[in-house]
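Undergrad: Each chain is listed here by its residues.
There are 4 protein chains.
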Amino acid sequence: MTGNTFGKIFRVTTFGESHQEAIGVVIDGIPAGIELDLEKIKEDLERRKPGKSPLTSPREEEDEIEVLSGIFQGKTTGSPIAIIVRNKAFDSKPYEERKLKPRPGHADLAYWLKYGFYDYRGGGRASGRETLARVIAGSIAKQLLAFKGIEILSHTLQIGKVRIEKQPSFDEIRENSRNNEVGCADPKKAKEMEKEILKAKAENDSVGGIIEVIALNVPPGLGEPVFDKLDANLAKALMSIPAVKAVEIGSGFKLAEMKGSETNDQFYIAEDGKIKTYTNHAGGILGGISTGMPIIARLAIKPTSSIGKEQFTVNLKNFTQEKISITGKHDPCIVPRVLVVAEAMMAITLLDHLLLVEGFEKWKERIN
Amino acid sequence: MTGNTFGKIFRVTTFGESHQEAIGVVIDGIPAGIELDLEKIKEDLERRKPGKSPLTSPREEEDEIEVLSGIFQGKTTGSPIAIIVRNKAFDSKPYEERKLKPRPGHADLAYWLKYGFYDYRGGGRASGRETLARVIAGSIAKQLLAFKGIEILSHTLQIGKVRIEKQPSFDEIRENSRNNEVGCADPKKAKEMEKEILKAKAENDSVGGIIEVIALNVPPGLGEPVFDKLDANLAKALMSIPAVKAVEIGSGFKLAEMKGSETNDQFYIAEDGKIKTYTNHAGGILGGISTGMPIIARLAIKPTSSIGKEQFTVNLKNFTQEKISITGKHDPCIVPRVLVVAEAMMAITLLDHLLLVEGFEKWKERIN
Amino acid sequence: MTGNTFGKIFRVTTFGESHQEAIGVVIDGIPAGIELDLEKIKEDLERRKPGKSPLTSPREEEDEIEVLSGIFQGKTTGSPIAIIVRNKAFDSKPYEERKLKPRPGHADLAYWLKYGFYDYRGGGRASGRETLARVIAGSIAKQLLAFKGIEILSHTLQIGKVRIEKQPSFDEIRENSRNNEVGCADPKKAKEMEKEILKAKAENDSVGGIIEVIALNVPPGLGEPVFDKLDANLAKALMSIPAVKAVEIGSGFKLAEMKGSETNDQFYIAEDGKIKTYTNHAGGILGGISTGMPIIARLAIKPTSSIGKEQFTVNLKNFTQEKISITGKHDPCIVPRVLVVAEAMMAITLLDHLLLVEGFEKWKERIN
Amino acid sequence: MTGNTFGKIFRVTTFGESHQEAIGVVIDGIPAGIELDLEKIKEDLERRKPGKSPLTSPREEEDEIEVLSGIFQGKTTGSPIAIIVRNKAFDSKPYEERKLKPRPGHADLAYWLKYGFYDYRGGGRASGRETLARVIAGSIAKQLLAFKGIEILSHTLQIGKVRIEKQPSFDEIRENSRNNEVGCADPKKAKEMEKEILKAKAENDSVGGIIEVIALNVPPGLGEPVFDKLDANLAKALMSIPAVKAVEIGSGFKLAEMKGSETNDQFYIAEDGKIKTYTNHAGGILGGISTGMPIIARLAIKPTSSIGKEQFTVNLKNFTQEKISITGKHDPCIVPRVLVVAEAMMAITLLDHLLLVEGFEKWKERIN
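Residue numbers (our numbering), protein chains in the order written: chain A, -7 to 360; chain B, -7 to 360; chain C, -7 to 360; chain D, -7 to 360.
Chain A extracted, bound-state conformation (with noise of 0.2 Å):
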């Protein structure tokens, strides 16, 4: 009913559901005359694209980004920037037999019992397809954050029961963890990434994982205890994807086993004069404010709700329990289609905090 708009200064707005005209995004709060690429908007999108390959649903979606504001001769105005994305056609008809039955896993049954209906056709509000929007306003955050030298990395450490043993570097991560199609750092575990996928949809089942998101060269000084504390913001803005349904930070649920002596990071004086850490427990924060080391957050993605397996729903009219199978297409994993989300979201959660801290006006001395 009301809830989509994220952000306190930098705030960004989406709204359409995946059966109807468009889905679109309003971002307000962007400093004027900043020069804007929007091929890496539609770059960003085609890592969220699904239909690449085997791996991925097969639908055809094309996500035309229009611009419909904000943006003038290339630059910003400093006016909101709105964009959609038109849906394409679609025939209504597979869906007819949904209109009853939520699909296990899925939102069906709490749109229902909230808003008294839901959209049985594709989801609604709650479609993946909504992130559309979400990648939009990341991939600009991510723009205005390379000004500043801010850097937003992810990757895939786990799918299924696939998971990495070490640790990549950053520059592995930078180097690797695009040239395969689950996004991981470690070429050899991609391929068997690949293989988890492809025997869940054999098996007609879906699989889910864990991926990371970092930030280099973030600023010190960001976040604002005690409530809006960077990583109490970032567990928000990550937690609100769909699918996602745990956040740490840093060293997050291992810290639990440690000791003190081992999980608080020690201060030493880098080369450049700078005060860094030994190690990275903390992922960045402390008190809920930036150090200026490296940010970073693990996610981990449930398994697609859409399975061709039969479950048991309820009959929403009959009030009867009876089966359903989830036919059409569907990928059998959206794990590496997340990691795209999940940059666009700390990359907003980001920005939002550094407006807040540096001001409007320091962009402005920077642009002219």
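All clues stand as given, with none of them false.
Copies of the same chain look alike in the list, so a pair counts if it fits in one copy or across any two.
Below are the SDA-like pairs computed for lysine to any residue, each with C-alpha atoms no more than 25 Å apart in a straight line: (1) Lys80 / Glu58; (2) Lys158 / Lys187; (3) Lys80 / Glu13; (4) Lys268 / Lys301; (5) Lys354 / Leu308; (6) Lys315 / Pro212; (7) Lys34 / Asp55; (8) Lys246 / Phe304; (9) Lys140 / Glu353; (10) Lys158 / Leu145; (11) Lys80 / Leu30; (12) Lys354 / Pro211; (13) Lys309 / Gln65; (14) Lys246 / Pro160; (15) Lys246 / Asn272; (16) Lys354 / Gly141; (17) Lys315 / Gly300; (18) Lys153 / Pro42; (19) Lys191 / Ser253; (20) Lys268 / Ala138; (21) Lys309 / Ala262; (22) Lys34 / Asn172; (23) Lys191 / Glu254.
Derived from the structure by calculation, the hints contain no laboratory data.
Based on these hints, arrange chains B, C and D on the given structure of chain A.
TA: Structure of chains B, C and D alone, referenced to chain A:
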């Protein structure tokens, strides 16, 4: 600088530093005419209190609440409730040497980078003492939720390397978790956890852990897609607690290695006529909206940053590396004390969402 | 840079500049299942439209609305409603000379100082065309309020030096104010007002005026002390309309010279059993809260800034004083066109407050 | 129920009722390291205080401030500042008869309708005593603005039927307006105003008035189109003050009868090289953004609602019409006491906008 308020309608603002006059809270968005039991606030504060046993810090904090506004003849007036707890006199001397040496794992350095100084006497806003204010607000929120039949539970799953083997029932949690110092629902494991803490203490070290917070009888329909999802706001609420570094909803990280056919919670009609699910991997939340099933969240708490063991730090004046060992009184494990804080943050989040959906009028009808 | 959203729960975000692709609005916080009549939106846009008579600008704007999301089979889905209106092709040439010469009375200079540039082609976000988006949102808000029996009226009190002599009844406003070009409830005065406008036009000059907006049947209890008072939020809403420079509630400035014994609205029990007041100097709001009496607000609109007469400006490149006369098409008086915009802002404000008090649940009960 | 916080970044939350423990304020969003002079807060409170002369209420309020947090060694810490003022002991008895008889013009009835009860002892949150908290926050805001060279002035234009004839210069306001009891910059008119008040007092009646608040040296660029315009937020801030029923910016309502050629403020280059305007009908704000010219706002204050004269009310138990005359001590005119409150609300609004544009970093640079 800004960020000390949580919530959209039920709005909790905390203030106060550990070594100044008082810690306090202002709670806005309270329905009028509700009877409040101040004794319950005191009970909750008692649960947060250190120094109750050898397992916790021997400091003596007496936390007397003083109600400044918002309650008249035992009932809420609809005006903001302000409550403060005075800090006791303290001696600044023992802290002198920390003035230029930020403690590893603590917020000292981050505050120094952000604000240009840090409160070397006790952490300022980053002090665990700030959670006093959260507990007060949470205790009030729990009383309001109780009117609607909603119950909040919490218990300890793990301390250091000791973890319970079997998920306890809600009844076991209710009965057992308050009978031991560590908040564990398994009495035998509780003993082991206590030993784990004492061992760390003997080594001048500290341990962390994992706790679980549960909300029962939450009505379906709470949570506002796509950014103010219930799980997203819970993640923010819980991650904003000092020392928390990870949050998961339902089966969380475990979902990553399961199949969709296992993780989808399948539907049936319960005896009371409600739609329920056989399993609850979703933790009571689908598409960001409560379904009526129990809400379940788990959080990882890092080991106490204050340890006696010698660690590296930097001198902020000379900019040279030095050593520091934290003397004075400190908890070797704060996990059990976080339980009531986590309950508070969950209660505050739920009430905020409930008021948005139900409005204030409904409460009025109830109380007249 | 940021500030394009109004409302706390019923949230209206507008975007778009006059000389770019489109003007649009995203409306979040809509109860689900409400039937909407798009024809009423078109009627309201017609009332805002320039060029209907010699009294207004002869530009031809065709404002076709395009619904992008949030409405399914004629009913709200509870998801954000996005609606856009495309801008027509335009010729940038005639605007070239304004590029460096900000127009007196316009926002040009302020935008240049804030953003480092201004949209010399048509005012960008400061263009009156932005109010299109407000009218769309307002029209939807009025339909939702009508469900609750709330009615919004508006009429013109004064144009230039012509002012009505007697406050019209609500019936007179309903019947007469839409029967003339100036929105005046007194047909004779309406004629004089028209002449006042034509006279200004003949002199290459412009006139302003005063209008009144009224809300009937507003339930008591709307408004949240002490800052989100109903009158405070109405003042913000109405003052945010372009060209509005003053807002008063009830008897407003007149109260300054009256006695307390005259201005206090004394109570009686009306025939319907409700408590009413003999007079309504308070404009239906006491202590920032609606009382059930009619809500009354008046606003002053400055004369159109675009005039043919020669004025002093400065050349922003040379930093020398120069002269400018605004050629092209422009309204000698925009007062009548502001009526529907003021209705919109009042409706949006009231609905936001109503949803806060009543919650979304109540709406659901109504529609099933 | 909710609404006791003002501002987006510089956030002021007030709490407390007139007849409970204390009135207080929490101020969040304060840059760290700024030296504050508590004496200036006391001076401002003195200006708000009743009972200084026969013109005001003879009640004796001693308003001692108690700083609870946020200031360390005289400087801001960046943490929220909490300050309270205790209420003195009072005798509830004289108020007993008001219990069921809401006072005309007061918020009593509106609170009863909204909250189900009202504080018959002194108005609760609707009491003028709440403005104490605003004055404290405003006094701090003025000190922060003064760092940036911004000055806030105020003076009385009209009391009852006595109005100054000529707009005083800023110097005259600075020199004269604090030399008389009514805050008027014209000493002769001040005397007449005093008589007007005494006359009303003698008649058991009350009078209102009009005041002006001015901000000098405000940098251009403050204000966020299209809803968080500077004038829109000022209108909200000023209209939220008890008893204020109208707000105008610049020439306000007068603009309605002027021509565009008169009201457009024409540009010239001033000696200091800045762009200025010959006139200032816009009150320093164009398109919702400050231009660098003086910000000017005027507000109408209704006559004090508490009067000795007999008035009609209703008995809320019997639901019959009855009579009431307000005995006890009350101001026949509160206008002069509102001056410092209006200054406070303007300062809070400006600082909130300034921090948004400049960020917190700039402040830090200044203070180190």
